[in-house]
Amino acid sequence: MMDTACEIIDEPQQSLIKRIYYSARDGMAIALYTLLNDKSDADVNHLINQKVLEDDGQRCTPLIVAARYGHNKVVRMLLEKFKPDLEQEGTVKFNGYVIEGASALWAAAGAGHLSVLKTLVKAGANVNHPTKTNSTPLRAACFNGRLDIVKYLIDHQADINIPNTFNNTCLMIASYKGHLDIVNFLLDKGADPNKKAFCGATALHFAAECGHSNIVCELLKYGTKMTKNVSGMTPLITAAERTRAEVVEYLVQREEVTKEEIIDAYELLGASYANDKDNYCLIKAYKYLYKAMELRYSDTNNIVYKQLGSIVKAYENWRECETLERLESIKDNPNAIHMESLVIRERIL
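Add 19 to a position in the sequence shown, counting from 1, and you land on the number used in this note's numbering.
Think of the hints as simulated: they come from the structure by calculation, not from any bench. Keep in mind that the hints are not guaranteed to be accurate.
In silico DSSO-like links for lysine-lysine, alpha-carbon gap of 30 Å or less [unchecked claim]:
(1) LYS240 / LYS296
(2) LYS247 / LYS137
(3) LYS296 / LYS306
(4) LYS278 / LYS310
(5) LYS112 / LYS170
(6) LYS214 / LYS247
(7) LYS170 / LYS58
(8) LYS92 / LYS151
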């Protein structure tokens with residue numbers, strides 16, 4: 020399928036544009052050279068910068084599609100012989116994601132083709148050329164966990180501090196995806212661990228949310244602060260809400276975490292185990308609810324009483340347990356634990 024911009028071109032030229040495009044897409048460097056070699060400079064410039072819209076939604080020039088699929092011979096031949104526009108943008112697809120405004124360099128970085136990326140950088144491609152959502156080639160490499168590409172781009176002046184349209188940084192996406200080696204490298208290069216996305220989350224929130232305790236530890240070593248996002252959630256509460264027990268157990272050991280915050284985290288962790296469809300476990304739910312209740316009464320001179328809200332009809336008018344004895348009485352009652360957990364989540368979140 021031809022792009023709209025090409026539909027006014029006569030039929031033979033449309034066919035030629037398609038043949039050029041698919042030769043580039045399929046890595047057929049010799050066939051591509053043959054199609055272009057006898058054309059005038061003006062015709063070549065027109066043909067190689069045309070975009071073709073494929074059935075799957077990709078809309079690329081020959082250079083972008085060759086970079087997307089890692090055909091370095093095609094990329095080198097196009098650059099050396101025919102001088103296509105290095106910064107022209109297209110639409111590429113990766114694992115269901117549609118990326119609009121992608122340059123050839125972004126496509127190579129997103130697909131993990133280091134040799135193609137090197138060819139494009141050496142030819143003068145802008146290493147910080149962003150997509151429509153302001154995602155840079157460096158961000159694409161951080162998303163994919165390609166430390167080799169990350170290092171190469173940074174060595175060639177890629178800016179580690181450019182965020183996307185959500186103010187989400189390269190450090191945040193590497194933390195979210197669990198790429199410890201890239202997180203370490205970015206921190207060593209001066210990435211700010213306390214920078215916030217528009218949702219108020221730091222890299223620590225993203226690591227905690229996904230249960231990457233090793234990255235949580237590393238971020239804290241670099242001075243990341245335990246701040247709240249716009250929903251009022253700390254990384255500790257974020258981890259508890261997502262049943263990330265290992266992260267919770269690590270963070271509650273921090274000096275800056277108060278007793279009340281630890282109690283909330285354990286209660287929310289337990290409540291979440293009783294309501295999370297992927298990590299549903301009533302044994303763990305009761306374990307952490309009990310742990311929180313024990314902590315409430317650990318100092319008889321300073322008992323931490325619950326601040327209960329209104330009774331909710333949707334939760335069967337359930338009233339939260341306020342003592343160990345009452346909590347023990349519902350241990351073997353799945354519905355009671357479920358109701359207890361729903362009320363706790365309502366109170367904390």
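Taking the hints in turn, this is what the structure says about them:
1. Of the supplied pair hints, the one linking LYS240 and LYS296 is violated, its CA atoms being roughly 33 Å apart against a limit of 30 Å.
2. For the proposed pair LYS247 and LYS137, the alpha carbon gap of about 40 Å is over 30 Å, so the pair is violated.
3. For the hint linking LYS296 to LYS306, the alpha-carbon distance of about 18 Å falls within 30 Å, and the restraint holds.
4. Between the alpha carbons of LYS278 and LYS310 the distance comes to roughly 12 Å, so the proposed pair stays at or under 30 Å and holds.
5. Between LYS112 and LYS170, the direct Cα distance comes to roughly 24 Å. Compliance with the 30 Å bound is thereby established for this hinted pair.
6. Between LYS214 and LYS247 the alpha-carbon distance is near 12 Å, which keeps this suggested pair within the 30 Å criterion.
7. Proposed proximity of LYS170 and LYS58 is contradicted: the alpha carbons are some 40 Å apart, above 30 Å.
8. Between LYS92 and LYS151 the alpha-carbon distance is near 28 Å, which keeps this suggested pair within the 30 Å criterion.
Checked against the numbered hints listed earlier, the structure breaks hints 1, 2 and 7; every other hint is satisfied.
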